[in-house]
Each structure stands twice: as C-alpha cells, then as structure tokens.
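Chemist: Chain by chain, the residues run as shown.
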Amino acid sequence: MSTSPPSVQFDTIGSWEADNVSAGQVERALSDLRGHEERAAVRTSVLTLVIVVGSKEEADEQLDVVRHLGARHPSRTLVLVLEDEGQGESHLDASVAVCVVDRGGRQVAVEEVVIDVRGQARFHLDSLVLPFTLPDLPVAVWLPTRILDRGDPLLEAANRVVVDTRVVGYKPDALSRLSSISHRVAVTDLSWWRLKPWRNLLAGLFEGHLYRPFLRDVHHLEVTGHAGPRHLFAGWVMSRLDLPRSVVHLGDAEHLSAKLVATDEGRRGRFEVERKGDERVIDASVEIDDGPSFQQKVHIGEAWQSRALADALAHMGHNQTYEAALEAALGLLR
Amino acid sequence: MSFDQSAAGDVNPLADPEDRPAPPAVFVIFGASGDLTSRKLMPAIERLAVRRLLPPGFAVVGVARTEMTDDDFRERMQELVEKGGGGGPEVRHVWESFVGAFRYVAGDYDSADTFDRLKKVLDELDRERGTAENRLYYLATPPSTFPTVIKGLNEHGLSRPTSEQAFARIVIEKPYGHDLQSALELDRIVHEAFDERQVYRIDHYLGKETVQNVLALRFANAIFEPVWNRRYVDHLQITVAESLGVEHRGSFYEQAGALRDIVQNHVMQVLSMTLMEPPVTFDADGIRDEKVKALKAVEVLTPEKVKSQVVRAQYARGWVGGEEVLGYREEEGVSPHSTTETYVAMKLKVDNWRWAGVPVYVRTGKRLPKRVTEVAMQFHRVPHLPFHLKQVEDLEPDALVLRIQPDEGITLRFGAKVPGQAFRVRSVSMDFFYGAAFMEETPDAYERLLLDALMGDATLFIRSDEVQRAWHIVDPLLQSWENDDVALAKYEAGTWGPTEADELMEADGRRWRRP
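Heads up: the protein sequence lines correspond to chains A and B, in order. FYI, our numbering numbers position 76 of the first sequence as 76, with every residue one higher than the one before it. FYI, our numbering numbers position 193 of the second sequence as 193, with every residue one higher than the one before it.
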C-alpha cells in the first residue's frame, strides 16, 4: 500500500529538541518557535492530531503522511512514541518543529511535537495531550497499528479516534474492542473510507425505480477481501438491508469484491462490484433477467494513507452507519 | 433540499446521504456541438463520472445541426475533456466505459424527424442502458431556438414523464428573455410543454460555493443576523467587476449590454440573497419564496429616477494590468457608434421593514481594474466618538465584506488602537479566506448544478416569478435608455468607472469602496 502522494513542498522553519524534559518545557519551546518566526504566526489549524506509535521509525513514517495532510487539514501534530512497557520512572525526550506547507502558492504553518514517552507516563497519555491541544478545536487520536482499551485515559482527551481495520482486522478481538471504544468516542476507520468507492458503486446500482425494488428481496451476498475490510463491508450491507447472517458468504482475496443476488417480481438480478487485479479500477455491473444488463468501470484513485486520513478527518461526529456496520461485522465473527 | 415528485420515492438504503448519487437518466444536450457543451457541460459531466456521482444507468445524447456519427461525437467529447485537463490515463477505463452510452442525433430543431429519431434513441437507451425513462434536457442553444426546441419536445410527447416514477426536466440557460415582455412570452411557451416544477432556469453564479456561503453565513450564525438591518447598516454596495473586455463576444454583447448580461441575473441573485428574510426551511420553495419577497421590495424606478439614480457608461481605450487595451467601440464585432453600456451603476431603495432607508448601490462593468465580486455592508458610525478628531482621523466606518470572487472569504473592518504612547484609532481588517480554512476541492458551478438538476433539487435554480421580478426592476432602465433619456458616460479602461458614478455616491455623502 502506497503511503504518500508525491510532491508537497514542506519547509521546516524552526526546530528544537531536548532530552529528559517536562511537558511545560516543550510547550514553551513551541511557543518560542512560533513567536520568532513570522511565517509561523499565520496559522489556520483545524484540529490537534495525536498519533500513538511504537517506534521512532514509525513516528517518521506517520509524520510523512501527516505532512501531506497539512495542506487539507492544517493541524498541530503530537506524536507519542511508546517504545518501552511503562516500567520505571517517567522520562520524556522531545523534539518540536514548526513547518510551512505550500500548496498552490498558499502557505500554511503546521506544528509537530514528537515526545518519546518512557516509564509510567505511558499510562497517563491524556496528561501529555491536554497541554498541547489547540483552543476550541477537536482532538483526533490516530492509532495506526493498535486499538486502545475502552478504559484507556487517552480516550478522555479525544473527540475522535482514527484506526485502520485493514491493519488490525486480522487480530481476533480487534472489531469487538473497536466496537467497545465506539460507544465512548466517535471512531473513524481508514478502511471504511477506502471502501467508499465500493460502497458508492454498489449503492449506485440501485438508484432508480427499476432497480430499487430488488433491495427488498436479497437472498445472496458474497464478499471477498482481507479480514477486517470484508467483514466491515458485509456488515454494512447487512445492517442497511436488515439481512440475516445466513445469506452472507465471506471469502479471502487480495482485493475486495461483492456480489448481491436479488429478486423482484420473479426476475432475478445480479449486482456486482469487483476489483479484478492490481489496476485501480472497479467494475460495477448489473444483469437483470429479461431486462437491462450493463457495466461501468470506475477509477478508485491511489490508496494513499494521507488521502484516507484526510477523508476520515473531514467527519468529526459519530457515524451511525459505520457503527451499525461494525456491530453487524461482529455478528459475522460470532 | 427538496425533490420533485419523481425523486421523492423510496430512499436507497445503501446510499450515503452526503454523497448525493444521481439517479439513472439520459442527459440530452441541445446544442451539443457548441461552445457551452465544450467549455462547461462536458467537463462537468466528466468530473461527476470520475467522482462516481453518476450511476451506471447514465447516458448522454447530443443533439445539434452538425452532421456527426455516434463515434464522431464520442471522439469529439473525449478530445474536449482531454483539452480541459481531464480524461488522463488514470481515468481512461472510466471514460471508455462511460462514453459507450453516448449517442448523437443530427438534425434541425424545427424538423419533426429530429425528434422522432431522438425518441427512438431514448427508448433504446432505456432498454439497453437502464436509464429508467428519466430525462434531463439541456438547452445549450442560442435563446432564439428555445421556443422551437421546447415545441418539438412537446409535440413528440417528450416533455412529460412516461410514468409517475420517471422524470422529464429541462434546464434553460440565461438569458431568459431580453426584457419583461419576452420573458413572459418564453414562460408561456415553456409552460405549454412543462410544469414549472420541471423547469430549471440556470444562473451558474448560484452554483458557486461562495454565493451559497452567503446563506450559510447569514443563517447558520447568530452574530451576523442581528446587525443585518437598517438599525446597524448605513448602506450596501454590490460590486461585480471584470477586468476583461468583450473578448470575441462583441456581436453578442452588442445585443446584451451589462444590464442584461450581469444585472438582471447575477446581481439580482446576489442582491436577493443578501436582502432576503430567513427562510423557514432550507428547500427550493422555502428559499425562493423569500428571494422573490426581497425582490418585490426593491423599488421599481420611474423614468425620472432612472435619470438621477442610474449611470450607464462605456469603456474607452486605456491600460489594464500593464497592458494597453482597446475601447469598446474599437472591439471586434462592435459598432463604432454603439450605445451599448459596458458599465452600470445604480442606487436602489428597498421598501420593507428590514431595509427601509438603507440604499443599495450596485455597480458592474467590464475593463475595470480587476475581477472582483463582493457585497459590502457598511455600518453606521457610532453615535458619539469620545475621542479628539485627530485621534480618529484614520477611522473608517465598520464594514463587513462578503468576497464572492476571487479570494472568497469575509473581511470585517473595524477600528483598533495604533500601538504607541499616543492614543490613535485606525481601521484594520480581519480577513477570513475561505480557501485557507477549507482546502477541500470545491465542485465547479456547473458540476454542482447539473447534479442538483439530476437529483431534482431546484433550490439553486431560478423560479419563474424570480425572473419576472428581476425584469420588473430592470425593464424601466431599458425603456429609458431606448428613449435615450439617460446619457451614455465614458470611462477609461482600467479605472473604477465614470466620474458620474462617483457623483452618484457623493450626492449622498458616500463613496465607492476600492475592492
């Protein structure tokens, strides 16, 4: 999976780093950097983004994703690096950078704070996040490779948690933990956004009075793809159409495809969205007995992580459709 | 947003309400070989397809006089899209599967054979492509052909939906008539074939995000509406300025002029959105009812008032952006004795509770120093300034400016203390740039409006009574000018208009803003 689109002009206009520091020192350093650099003063942030990662390499990787995001969702980014198991005394090493992203001649200042958290502090991440939140703006916590427990104090500081079932979906309890978190805070799943073209296309096949009636009698739904996304997709169709578990069939495949068979007034209709190969094209097709039969090809764009994240962050509230899909997906695992 | 009868059926449970996918339909373009189709319609259709907003059951039928086969038409549309920067290799498959459903009907608009063949093609598409008997007709032809095309559709049974679930809608481009009488006559012809709810009169200005943002700003915020009235507002200034001349549209512009080309439609739309009362509901009739009420409150000028409150002018040779440009009468396709106005400034009165006594100054023109559209609301001065005159000599009245294009956003001008030992107050501007806060890619106006028409959402289209009210306001000016009652002033290209326009403001103790 490609993580970043090409070419975003990104300049670091000021930076600071120190070991064994307090959150207050980091805050002051950030404030000083902004105060001494005219370009940094012009800030149009729309959120505070917190990323929880397990290593410095992962921190660099995700910061690169966020830099591409900067032009669409200018933000203050706080990366919390959790490399140890939380034994011993708290210890923070930090680096701060103020950067300017250029897009189409418009410059946007963004701030990056990376804190290497060691010792007991890893169990109190909310106390590290709250001093850095921008006033009156939402806080999104992005967990690229993990899912927090429902009781994790970090959730206190979050308006939204961003996860990716494509990455964690293979873990047996991932969806149930996610469901549990979603009762406490709004959850955005990058997989849900990557599945959007498939969701749009399948929905589009039922636009209009000729096709809509088929949704009343669906007797076969087949979804193939990776664990996680395929469950989510099938869960979405099940929850929207109130389908029983017995009509749903899942299978493993590299790319997601879905086939739905339904009947209206004795006529059988086959509705399919399928990605056949590595080319980023989906075929959507309809075949109705004694009726129209046609196909449409749709380009799905690159699967850049920054694009999925940008889409995910454009919606800050609870997404009831997603939450219902998640519950139904859980039913498929039972 | 509201939908007409045909679209209001059951909801697709799989559709995401935010995505607004269009229903299956055939998009029939009259004037398919023309400029509007190439520049606006086809690029908009391509973007909608790439954004997955068009369903598989979607087809395009081009109708025009030019002889072409279906393949020629597909090839031509492909070239247009590529020329416009679309249709790149990454969307090649999309386009190829999409243009398979493109058909072309060559013929004269006054020939029954053209409509017979069109009907046949539409039936075929319904059977083969599942377009569900839904039709969206688009008149991208010269206005003189509108009645012929509408009559042809009517006589061949194409103007009415074939069933209760299907729809037949027609999109009509501006200009809608060239005066009140001709607009009424066109309405009569249209209504013989289509019900008003099937008619979508388009003014692309309404498809602009920032024009819609006027509604968001006014009706989604608590802080602006309380000051949006005569108690706080001294006067309004609406500016629609273009730096371009008539380019290659000289002969068209000779017949239109700034009043018909800009004031009757764009200015009246912006004006009505600025003046309207809060709608009860944010749907097509909720909004359009209030817009019509606002236009009804705008004073219709008497011939005497046209003389004293309206300035018409024409640009002479001058310099714009470091380049010497021709005067209007020297432009290609323009008569050397032309009296067509390229600039209009006017003062309007609004007779209702909210705006009584607040003059609205409107100006529009070609070859002005820059392209800008804005609504500026200038507030009253404070009743008493507790400062020495010297301390506030740089203080202008507060103003709220809605910038519609370019640099869409809002500017609030207010007084602030100048830093230092002395106490001096000066005007400062607080700027909000729409593009800096929302870096989302915004849909093009035609893209938005075409999708709305397919969805049956008429909110951003102009209703018959709106067009008529706008002509009621504009008609007395046309009549006075025809009688040569108002002198035609001159202004140098690259300036903000003639001195007569400045005098119009100065007579009220005011002056034009410099946008």
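No lab work stands behind these hints: they were computed from the structure. Built from N, CA and C at the ideal position, the CB exists for glycine as well. Among the clues, some could well be false.
Stated by the list, open to error - Derived lysine-lysine pairs resembling DSS-like cross-links, with alpha carbons at most 27 Å apart:
#: 1; chain 1: B; residue 1: 40; chain 2: B; residue 2: 83
#: 2; chain 1: A; residue 1: 297; chain 2: B; residue 2: 83
#: 3; chain 1: A; residue 1: 297; chain 2: B; residue 2: 40
#: 4; chain 1: B; residue 1: 296; chain 2: B; residue 2: 174
Claimed, not checked - Chain B stretches covered by chain A per the calculated footprint, using a threshold of three residues with CB under 8 Å from any CB of chain A:
#: 5; stretch: 13 to 25
#: 6; stretch: 127 to 134
Chemist: Among all the numbered hints in the text so far, which are the ones the structure does not match?
Modeler: none
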